[in-house]
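Q: Listed below are the residues making up each chain.
Protein chains: 2
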Amino acid sequence: MSKGERTKERILERAAGVFNRQGYFGASLADIMEATGLEKGGIYNHFASKDDLALQAYDYAVGLVNDLFSEALKGKRNAIDRLRAIAGVYRGMPQGVPVAGGCPVLNTAIEADDAHPILRQKAQATMDEWQAVVRRVVARGIERGEVRADVDPDEVATLLIATLEGAIMMSKLYGDAAHMDRAVDHLEWYFETSLRMDSG
Amino acid sequence: MSKGERTKERILERAAGVFNRQGYFGASLADIMEATGLEKGGIYNHFASKDDLALQAYDYAVGLVNDLFSEALKGKRNAIDRLRAIAGVYRGMPQGVPVAGGCPVLNTAIEADDAHPILRQKAQATMDEWQAVVRRVVARGIERGEVRADVDPDEVATLLIATLEGAIMMSKLYGDAAHMDRAVDHLEWYFETSLRMDSG
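Residue numbers (this note's numbering), protein chains in the order written: chain V, 564 to 763; chain E, 564 to 763.
Bear in mind the hints are in silico, worked out from the structure with no lab data behind them.
Owing to the predicted nature of the structure, the values given are computational and were not obtained by experimental measurement.
No residue lacks a Cβ here, since even glycine has one placed at the ideal position from N, Cα and C.
Do not take every clue at face value.
[As the list claims (entries may be wrong)] Have a look at the derived ranges for each label pair, beta carbon to beta carbon:
{"no.": "1", "chain 1": "E", "residue 1": "Glu706", "chain 2": "V", "residue 2": "Pro661", "range": "41 to 49 Å"}
{"no.": "2", "chain 1": "V", "residue 1": "Ala663", "chain 2": "E", "residue 2": "Asp717", "range": "25 to 33 Å"}
{"no.": "3", "chain 1": "V", "residue 1": "Glu755", "chain 2": "E", "residue 2": "Tyr607", "range": "16 to 24 Å"}
{"no.": "4", "chain 1": "V", "residue 1": "Pro680", "chain 2": "E", "residue 2": "Pro661", "range": "43 to 51 Å"}
{"no.": "5", "chain 1": "E", "residue 1": "Asp630", "chain 2": "V", "residue 2": "Gly600", "range": "45 to 53 Å"}
{"no.": "6", "chain 1": "V", "residue 1": "Lys603", "chain 2": "E", "residue 2": "Glu751", "range": "49 to 57 Å"}
{"no.": "7", "chain 1": "V", "residue 1": "Lys603", "chain 2": "E", "residue 2": "Leu592", "range": "21 to 29 Å"}
{"no.": "8", "chain 1": "E", "residue 1": "Ala740", "chain 2": "V", "residue 2": "Asn641", "range": "28 to 36 Å"}
{"no.": "9", "chain 1": "E", "residue 1": "Met596", "chain 2": "V", "residue 2": "Leu627", "range": "36 to 44 Å"}
{"no.": "10", "chain 1": "V", "residue 1": "Asp715", "chain 2": "E", "residue 2": "Tyr607", "range": "46 to 54 Å"}
{"no.": "11", "chain 1": "V", "residue 1": "Arg711", "chain 2": "E", "residue 2": "Met596", "range": "51 to 59 Å"}
{"no.": "12", "chain 1": "V", "residue 1": "Arg703", "chain 2": "E", "residue 2": "Gly651", "range": "32 to 40 Å"}
{"no.": "13", "chain 1": "E", "residue 1": "Pro661", "chain 2": "V", "residue 2": "Ser633", "range": "19 to 27 Å"}
{"no.": "14", "chain 1": "E", "residue 1": "Asp630", "chain 2": "V", "residue 2": "Lys566", "range": "58 to 66 Å"}
Pulled out of the complex, with its shape left as it was, chain V reads as follows (with noise of 0.2 Å):
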């Protein structure tokens, strides 16, 4: 990496907890400025605009969350264990792991559904991969015998996300990681009494 690389990097790091814990209406340039200790000109020097910078920060915020999912998948063949995995990712989100503010796609989601049609692209775009992935995991489960054959996937898609996201609302609103493990531990429930093979 350049050093003008390792700048843009260390801005986007930056900024993306910015944008994610105070939202992109409530992030101020001068926020941008104290948490990366730069000038304006040296942020505009590696992003053409706020909406620039914005939607680049907001791709390395997904980024890393995608990287999580990523390694937690790894080694995991089972369909069930593969959901459970996905599910378990989920646990530190409200504590800013792997980003601070929560999950970037839900930030996002809520913030520009209404009012920013751009964000709204991208949160849309990182929520079809999302359910495509636990849609793909539940449909070779079934092909397997791993899942049973009477499961919707895109009902699973949508359980397991919603239920999830709602979670790290209610567990950053209060600073509470109950809520999330309550969440997880219904899931895992679920997944167990009646998704897989031979349950329910």
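Keeping the supplied structure of chain V fixed, place chain E upon it in accordance with the hints.
A: Chain E in isolation, oriented as in the chain V frame:
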């Protein structure tokens, strides 16, 4: 109602929609002026500051949601029926029923948790109330033999709220009611198969 009270009510009604769609930081005074058709002075006649207006608009929006809960619960005595009634209210929220922009608690929690302590307290207070309602329904259901004695009221409160709030986010992000429908269907199934006395 005096003319002044009617004007204040109309400002709150319009401002609630603006703040709920665009967020506290995303909504400008110009947006509120446009939505109400009033000049700055006409608004600040009734509210001390943007914070004052935002906090009262939040209460107004939550009041509309609470009215729907009261109406849905009216005449329902059985705990399972009451839980189904609460979940049913959520079906309209992604479509802006009763307030444009989805659930004011979700929107405020996400925006304020790291960025606006007073709004965060407001969202916590509503969430406290909503959880207390669900816990009370479950606890009374256990007393009356309608709900299994081994059910944990705290767990049901977290799951019901997290699943539905997450589903609002997904349905709003896509403009697709399917996510909310799956969430409500899942909860109804969960109430019937895991909470209802003699189930499971």
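Q: Now tell me if each hint is right for this structure.
A: Results of checking the hints against the structure:
{"no.": "1", "hint": "Glu706/E x Pro661/V: 41 to 49 Å", "verdict": "holds, 44 Å"}
{"no.": "2", "hint": "Ala663/V x Asp717/E: 25 to 33 Å", "verdict": "holds, 27 Å"}
{"no.": "3", "hint": "Glu755/V x Tyr607/E: 16 to 24 Å", "verdict": "violated, 58 Å"}
{"no.": "4", "hint": "Pro680/V x Pro661/E: 43 to 51 Å", "verdict": "violated, 25 Å"}
{"no.": "5", "hint": "Asp630/E x Gly600/V: 45 to 53 Å", "verdict": "holds, 50 Å"}
{"no.": "6", "hint": "Lys603/V x Glu751/E: 49 to 57 Å", "verdict": "holds, 54 Å"}
{"no.": "7", "hint": "Lys603/V x Leu592/E: 21 to 29 Å", "verdict": "holds, 26 Å"}
{"no.": "8", "hint": "Ala740/E x Asn641/V: 28 to 36 Å", "verdict": "holds, 33 Å"}
{"no.": "9", "hint": "Met596/E x Leu627/V: 36 to 44 Å", "verdict": "holds, 40 Å"}
{"no.": "10", "hint": "Asp715/V x Tyr607/E: 46 to 54 Å", "verdict": "holds, 53 Å"}
{"no.": "11", "hint": "Arg711/V x Met596/E: 51 to 59 Å", "verdict": "holds, 56 Å"}
{"no.": "12", "hint": "Arg703/V x Gly651/E: 32 to 40 Å", "verdict": "holds, 35 Å"}
{"no.": "13", "hint": "Pro661/E x Ser633/V: 19 to 27 Å", "verdict": "violated, 42 Å"}
{"no.": "14", "hint": "Asp630/E x Lys566/V: 58 to 66 Å", "verdict": "holds, 59 Å"}
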